[in-house]
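Trainee: Each chain is listed here by its residues.
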Amino acid sequence: MNYLLLFTMILASLFLVFAGMFIAGHISPRSFNKQKGEAYECGIPTQGATWVHFRAGYYLFSILFLMFDIETVFLFPWATIVQELGIKALMGILFFLFILVLGLAYAWRKKALEWK
Amino acid sequence: MYNFEIITSAIDHFLHSVMPAQLAVITECVLIAVCTLVAYVAFAIVMIFMERKVCAAFQCRLGPTRVGFWGLLQVFADVFKMLIKEIISINNSDSLLYRLAPYLVVLSSILTFSCLPFDKGLQVLDFNVGVFFLMAASSFGVLGILLAGWSSNNKFSMIGAMRSGAQMISYELSIGLCMLTMVVLSGTMQISEIVEQQVDGWFIFKGHLPAVVAFIIYLIAGNAETNRAPFDLPEAESELTAGYHTEYSGMHFGFFYVAEFMNLFIVAGIASTLFLGGWTPLYIKGFDSFNAIMDYIPGIVWFLGKTFFLIWVLMWFRWTFPRLRVDHVPTLEWKYMVPIGLVNLLIMTICVVMNWIF
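Same order as they appear, the protein sequences are chains A and B. Just so you know, the numbering used here puts 88 at position 88 of the first sequence, and the rest follows in order with no gaps. Numbering-wise, the numbering used here comes out as the position in the second sequence, counting from 1, plus 116.
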């Protein structure tokens, strides 16, 4: 039943946007103008292409994010059984977090966390 | 204690008695979908009205007063105006991705919205991995924002989307760590069970120090996640026009706007579920008459009261703090909040293992 509801909610949200766009598309006015389709960059004609290589700073943060996000995936199952495992859970996770923090410290040391 | 399961199971029995089983299931699904969508849009309208009135109050203004009594109909007029605005499609945009982006943003916010426990039994999606599902669904939204900025063929949109993406994925870590801290305390990921456990004391009281720290970090990270001031660099008007939705007009823009407001509601709702006890009333041990009076207030009032209080706090943030400098945003997250979050997780684990919780 839960997965059926999940499917229902996905369909419902798609329907909401589709219905909104459909209604708006049918009752809104339409006019044509040669300049209308141009990108709005403060009114002056656009210079150069938009889809260019972007700076590497963002890329570094996404790599770091991947590292920590995978860590969260591993930690969630552990978090549910901490109370049963007791002191063993603490020891196990200390080692895991130590390796993880080592990675963060390395990135910090290499100045990957600076915004240049 | 009120229980909405009585109503839902009554509807379930009624539908099964008048029609075949499969048709009844389909009818239930349609009913649930319609109710959730109506609630979603209704809360969005309430939120937009509240935002305008609260920000007016903070600036000693009156806010909307003309349309309807006390300006109550202003938002409806705005929605209607948005519906009848022309939808402009621009040259050289990546048309498919341009149209797909609002679907993804709204999809993520509706999926997270349907996880919120409004009252006992009044929750659409209740997985046994609920908290994990929440994180998965909410991280979906950044995809829509990146697509919107990329496909618009506009440099402002592109820069806004990139900033927004970097900011949202960074602060998601802190949100994840805070949720993890509360899962360590509760020992379950199912949202309804997390709320049930707080009947005899909200987690922010039970978990004392680590829970309070997690709550504060969650509020800051949640504020950043919704791209609101002081973290509104992705849509800083003075430098980027409107950020990733610069090229969207009419209803297209409307969906981004609604999703953004609902994300604020969802952040506040999750905070009140994980830390402030969701629909559970406030009990004080030893004051039986006080507890009995608190029982008379329905759970949905408790939930909405806590949620709107947190929304009000976040709006207060918005009008109090100036916008962060662009290099301070990653610094705050990676050099302060992630290390504090990790240490806080360890402290919470020690507290749980040593049984130092109330």
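Accuracy of the hints is not assured; some may be wrong.
What the hints assert, rightly or not - Output of the computed footprint for chain B on chain A, the stretches with three or more beta carbons under 8 Å from beta carbons of chain B: (1) 11 to 17; (2) 27 to 41; (3) 58 to 68; (4) 73 to 80; (5) 97 to 106.
Stated by the list, open to error - Below, simulated EDC-like cross-link-like pairs (lysine to aspartate or glutamate); rule was C-alpha separation at most 20 Å, straight line: (6) Lys-36(A) <-> Glu-202(B); (7) Lys-271(B) <-> Glu-41(A); (8) Lys-88(A) <-> Glu-71(A); (9) Lys-169(B) <-> Asp-194(B); (10) Lys-271(B) <-> Glu-38(A); (11) Lys-197(B) <-> Asp-210(B); (12) Lys-271(B) <-> Asp-194(B); (13) Lys-197(B) <-> Glu-376(B); (14) Lys-401(B) <-> Asp-411(B); (15) Lys-201(B) <-> Glu-84(A); (16) Lys-111(A) <-> Glu-312(B); (17) Lys-322(B) <-> Glu-84(A); (18) Lys-451(B) <-> Glu-376(B); (19) Lys-34(A) <-> Asp-210(B); (20) Lys-34(A) <-> Glu-312(B); (21) Lys-451(B) <-> Glu-114(A); (22) Lys-36(A) <-> Asp-443(B); (23) Lys-322(B) <-> Glu-312(B); (24) Lys-401(B) <-> Glu-312(B); (25) Lys-110(A) <-> Asp-443(B); (26) Lys-197(B) <-> Asp-242(B); (27) Lys-451(B) <-> Glu-71(A); (28) Lys-451(B) <-> Asp-69(A); (29) Lys-169(B) <-> Glu-376(B).
Derived from the structure by calculation, the hints contain no laboratory data. Positions of the beta carbon are idealized from the N, C-alpha and C atoms, including for glycine.
Trainee: In ascending order, which of the hints set out earlier in this document are inconsistent with the structure?
Mentor: Violated: hints 11, 12, 15, 16, 18, 20, 22 and 26.
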